[in-house]
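Novice: Got chain R; can you put chain U on it based on the hints?
Line by line, the protein sequences are chains R and U.
The first sequence: position 39 = 72 (the working numbering), numbered continuously.
The second sequence: position 235 = 285 (the working numbering), numbered continuously.
Note that these hints are calculated values from the structure, not bench results.
Keep in mind that a hint or two might mislead.
Quick list of in silico lysine to aspartate or glutamate cross-link-like pairs, EDC-like style, CA-CA up to 16 Å [stated by the list, open to error]:
| id | chain 1 | residue 1 | chain 2 | residue 2 |
| --- | --- | --- | --- | --- |
| 1 | U | Lys-218 | U | Asp-202 |
| 2 | U | Lys-309 | R | Asp-164 |
| 3 | U | Lys-296 | R | Asp-184 |
Quick caveat, the model's predicted, so the values are computed rather than measured.
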Amino acid sequence: MTGSQKMKINGVAIDDTFAEAFGMSGTALIITADTLKWAMIAATTMTGFGTSVIGCGAECGIDCEVSASETPDGRPGVRVLVFGFSPDAILPQLKNRVGQCVLTSPGSACYNGLDSPQRLALSAGPRFFGDGWQISKRFGGRRFWRVPVMDGEFTIEDTCGVTTEAVGGGNLLILGRDRVGLLETAEAAVAAIARVPDVITPFPGGIVRSGSKVGSKYKGAIASTNNAFCPTLKGTTKTELDADTIAVLEIVIDGLTSKAVSDAMRVGLKAITDIGADKGVTRVSAGNYGGKLGQHHYHLKDYVA
Amino acid sequence: MSGLRLRLKSAPAGRLDLSCLQPDPLTARTADEVARLPFEDGTLGDLFEITAIADANTLILAGPTSACDGIGDGLASGTLVVEGDVGQYAGRFMKGGRLDIRGSAGDYLGAGMKRGLLTVAGSAGNFVGGLLPGEKFGMAGGVIRVGGDIGDRAGDRMRRGTIVVKGKTGAAAGSRMAGGTIWAEGGFGPGAGPLMRRGTLIGPKAEQMLATFSDCGEHDMVFLRLISRFVAAELGSLAPPPLPVKVRRYAGDMATIGKGELLLTG
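Okay, chain R solo, but in the shape it has when bound (with noise of 0.2 Å):
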């Protein structure tokens, strides 16, 4: 961690450092279903266990919904991001989320969500559930699947667009001496960057309460725990905490476009010092391995002007 705090901010300090991301690649797709309820439960269900793509194969979240003027077959929808190290990496990842939680889901349809010459085979695994009776319907330039279900049909698109300039890993840290207050002031700052296009913040209710650092004492473990950012180890190892500070959440960014990930930075940092110190929070940070390892790197500073 470098950096040292320099601004204040309705009683906010904010440290002079950067947060530092990492090129991904990323997708997008769009599910629709017979009501909001059901293509959000589909698109809740698909995007689970996406937290990290180191342990979950995939960082996965809901972008927004999408009215159903604005969706391939006129009903309401949620557009859901899909990221990964690869395009390679990403593609069994939708084959095993799409299939098992989008195809299943009563009335769900599938579609494409990125304007991307690179283009997945997003219908490669699921088209073949059809085990034969699947139908290929091509409009325009689109094709599309219909492959027979219990209730009907499931649609999918063949393929979406894939982007390789997707950025992962741009985050916020939120230190404070009000454990309650850092949680809600962290929700105001997921709520502001949910309104951003083109970016999702994975984690449980886009919020870690466990940052990690790399490696670890024991074999194996790639990662473990910030010891230097835990409060109940701050008289036992090197930390970057403050004495008044009992606990910090971080928000991590993933989006499509490093433009994204910059913009979701400014309003969740925005969020964060219109709350101010009256619930306790007393810094915001951000997370680096010194700049040698990111191609992003998003300085706080620049969001203060």
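Specialist: Chain U only, in chain R's frame:
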């Protein structure tokens, strides 16, 4: 690049192959240059009165008759507007662009078409979107819209693409069809879909339905919404009203692999 209007000076005495009239190469030239181009035993200027128009990359062909064949054959880009009737093979092997026929068309309209938009204000003959003897497949893409009725065996060996007919089809629409969609607002004539392997026929009714089509019941399928929206986007004001939520599905032709379908909206 501006456009050109070619008005036929007199009705042709015999059949006339006009497949050479394409917007892309012709509209790059002036009216005088086009008039001097050789055509049959003379020049285009002998046959047509040629004037420049403002519409870019557009060729207007005025006054043709049903003796004029091959109009828009292989059209790849630009817009070709025909003010009159056309003969056989109009829009055959179209690869792009737009062909608007403001009269009626003969047989083999859009046969082997691959991409683009082909509209006919009047009616069309047999084998719309079909194929000629010796060819392997019929229409493979694009959209054909006919304002009136069409003849027999529309979509013969059709693979992909969409045919929308405001009127009704003749006999045996979708014969030997391997894919694509025929949407007949006025319904299908006798014996639709003989030896149909895959593909979709949509209409309010079908006369003398083949015994080899099996009733699969009434269903609301998401794909109906997709095709309604696609056709509306492609055809604008020419598009039929959206399909109803539910249609009755008949699978066929069970004399082959039975993966085609006849969807009755009525």
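Novice: Hints first: check each against the structure and report whether it holds.
Specialist: Evaluation of the provided hints:
Of the pairs offered as hints, the one joining U:Lys-218 and U:Asp-202 holds, with about 10 Å between alpha carbons and a cut-off of 16 Å not exceeded. Taking the CA atoms of U:Lys-309 and R:Asp-164, the gap is about 12 Å. The hint holds against a cut of 16 Å. Proposed proximity of U:Lys-296 and R:Asp-184 is supported: the alpha carbons are some 14 Å apart, at most 16 Å.
When each numbered hint is compared with the structure, no violation occurs for any of them.
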